[in-house]
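Listed below, chain by chain, are the residues.
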Amino acid sequence: MSFLSFAWNWLRAAHQWQGSDGIPVRILEHLGYSGLSLLIAALIALPLGVAIGHSGRGAFLVVNLANAWRSIPTLGLLVLMAVLLGFSALSWLIPLVVLAIPPILVNAYEGVLGVDRDLKDAARGMGMTPWQILLKVEVPVASPLIVLGLRTAAIFVVATATIAAEIGLGGLGRYIIDGLASQIYPEVAGGAALVALLALAVQVAFVLIRRVVVPVGLRMRARSS
Amino acid sequence: MVFVGPSGCGKTTSLRMINRMVDPTEGRILLDDRDIRQADPAKLRRGIGYVIQHAGLFPHRTIEDNIATVPLLIGWGRQKARQRAHELMDLVSLDPAMARRYPHQLSGGQQQRVGVARALAADPPVLLMDEPFSAVDAIVRASLQDELLHIQEHLHKTIVLVTHDLEEAIKVGDRVALFRPGGTLAQVDVPDRLLAAPSDDYVAGFLGFDRGIRRLSFFPASALNLETDTVVPDRTTVAEARRVAKDSGQPWLLVTDTERLPRGWISTAVLEELPAAATLSQAPLSGYGHTFRVASDSLRAALDATVLSATSRAVGVADDGRVVGVTSYDRLRTAIHAAVASAPQETTAQETTAQGTTAQGTTARESTAQDGMSAS
Amino acid sequence: MIWSYIPANAALIRQLTIENAVLGIVPAVLGLIIAVPVGIACVRWGWLYPPVLSSTSVLYALPSLALFIVLIPYTGLTDTTVIIPLTLFSLCVLVPNVVDGLRSVPEPVRQAATAMGFGALRRLVQVELPLAIPVIIAGLRVATVSSISLASVGQLIGVSSLGYLFIDGLQRDFPTELYVGFVMVIILALAADLVLVLARRLLTPWQRRDARAELRVSVRPGTLGEGVVR
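Residue numbers (the numbering used here), protein chains in the order written: chain A, 1233 to 1457; chain B, 8 to 383; chain C, 963 to 1192.
Pulled out of the complex, with its shape left as it was, chain A reads as follows (with noise of 0.2 Å):
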């Protein structure tokens, strides 16, 4: 039987679909535990990230701390925190938090470093304030890379939360964990594909993000290049 059978006769079943274990919930938690951790990491990491892109001081951090995060564990720091911190919010919290700050931190930063020298002399020529400049010129300008930035975070995010199962919590991982756990491959395949529809749908909304919040000249000089 392929992946593709063995997930849509799961998925067919009625009582997936209802209780507490039943799938919309679980997709409800999923969508929950992420995008919690992506709120808390970009409020964290886009003020920082821009105020070094902008001051240009602390770079040297950034360009080593994108290096260095890639080589992270996820499954080794979810881990980590639940046997340091016990089963609680912050054993997945953290992790999912942790890894999601690099890369806003390291997109808002170069989007904001990357923009014309130019557009900023003319602001300030046209009496902007420091602080207009940033957030009507700036800010604006970088946000196809921010946005590109939150979007990648979500990809490690949703992945990562997934993982989480492991260490106890609900989401769509839980039913690839336990699933595993009981030698169950329907149920495991059933959350694979699940996991993956949420993914995708996910980076579809990203995409719609973008038209919104990115300014129309800039998502056109975008594509063309």
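Honestly, the hints are just simulated from the structure, not real lab data.
Possibly wrong hints are sitting among the right ones.
Now the stretches of chain C that chain A is said to cover, found in silico as 3 or more residues with beta-carbon under 8 Å [as the list claims (entries may be wrong)]:
id, segment
1, 1019–1028
2, 1032–1038
3, 1098–1112
4, 1115–1124
5, 1134–1148
6, 1151–1158
All C-beta atoms, glycine included, are put in the ideal place defined by N, C-alpha and C.
Given chain A, put chains B and C in place with the hints provided.
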């Protein structure tokens, strides 16, 4: 042969048709009487040197390996190719110590020289140059142009050079092809005749309104009848000098040293004030300004020197710096008049226009690309 | 932290490290081998690039665990089940880098090569690829580090790697084992990164030497945020 014209006139495209970087829609190009379209493009190009504006040196190879590229490509041994590279570095006046360096370590002017050396490495009979000196500053450009002329004196290659700079075209070209916007030829001629007899208003406009004076650069300074009686060595006494000045009727005398190198001007008014027995060696002299070389400079250079001089007289020297004579506006006038009168004028304008218009309508330049021409 | 754990289990740790290394390096290398021709094709036939890029973007968004699971009916619980998805992830990173690297060759250089009589293949091999090396290696660094790290997730489906120390440490509630696993993955990944940086240095003697620039990361807009690590 120099192709010159405004931007977008097709001069670069025409050049690139010669080594088949671009293929013409109509017409043929013959190299040594053979249609280049018969040849394999890659092989064809190995026999044609190509120099471009930003050199296009391989950043990942050393200078000597860059120059040795085509020889290696056609199968010379590494030893022989590198040796050739060193010869060429010498030819283009590059310090041999640069051989193992990389392009990014050289200046723009140096990189261009490497570009020229690279193009000449396999000793191709034809050399194509596309705005080779446009990307460097004016001083470097002038010296590169001089070097090109110098190299050409040794090598006698067929060179086709594209430039948007008319001065460069006139300075460097044996023949100049002026393009109209849109790609047709306006006039093909030697620089002197081009300046003397533009075939139409477009050409005249392109040449600019000082072409009369620019044309003087084609007349040799040796045509001048220089004044020699007003040249006196500094051991002459003031009394002697006064006598010379009175005999010649000129207000200024040129004082030279024992080697006959110029020292400066002295006016007759000053001579009156000095003690008769003193020699000129201690006398106050006015600077002699810019000199011109009688054997190798042009009437234009002589005129320029005269205009710049405070005394309205210029000093003509031999190649070793020794004074030959002095010129004044009068003498210049005579020489210029004689030169212009004897040079061919209006009758040839018809000829050159006819040559230009036969090339109209096609995008390939048959006649101008033939390898029958012996020089640029 | 119980230090005696380390010497007591040195053999195990070494074995797991080697397994993890293989699971991380093989996908990166396979990814490179596939990405280079694909990238060359995308440069040669520009219309290929947008669909290829879209496909890799979609692929990259999928969680690694899900992809491992998708393969189980076909390749069982073997190393291959982990290697294939990680190879695909490496491809997602490497194809844009190969394309960017080739496109970064300055136009005058390419023109000069053609004009000197280099055929298209020779030009590719002798001029364009060598000049693309820095950008390609940047992508290879990202692919290798990510693969080494993600390989440990394979432990969840029983494919042996340093991830074993995580699962075992969790079950035994034994932090020391976790620390060891965590640190070893990071060391392994960063060591691989360093080797690649040195390789780049060796392969590109013509590049300017600038210590800061060597480790620099810059993000190429339009990719999935996988920065081009230069």
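Verification of the supplied hints:
| no. | hint | in the structure |
| --- | --- | --- |
| 1 | 1019–1028 | holds (count 9) |
| 2 | 1032–1038 | holds (count 5) |
| 3 | 1098–1112 | holds (count 7) |
| 4 | 1115–1124 | holds (count 5) |
| 5 | 1134–1148 | holds (count 9) |
| 6 | 1151–1158 | holds (count 3) |
When held up to the earlier numbered hints, the structure conflicts with none and fits them all.
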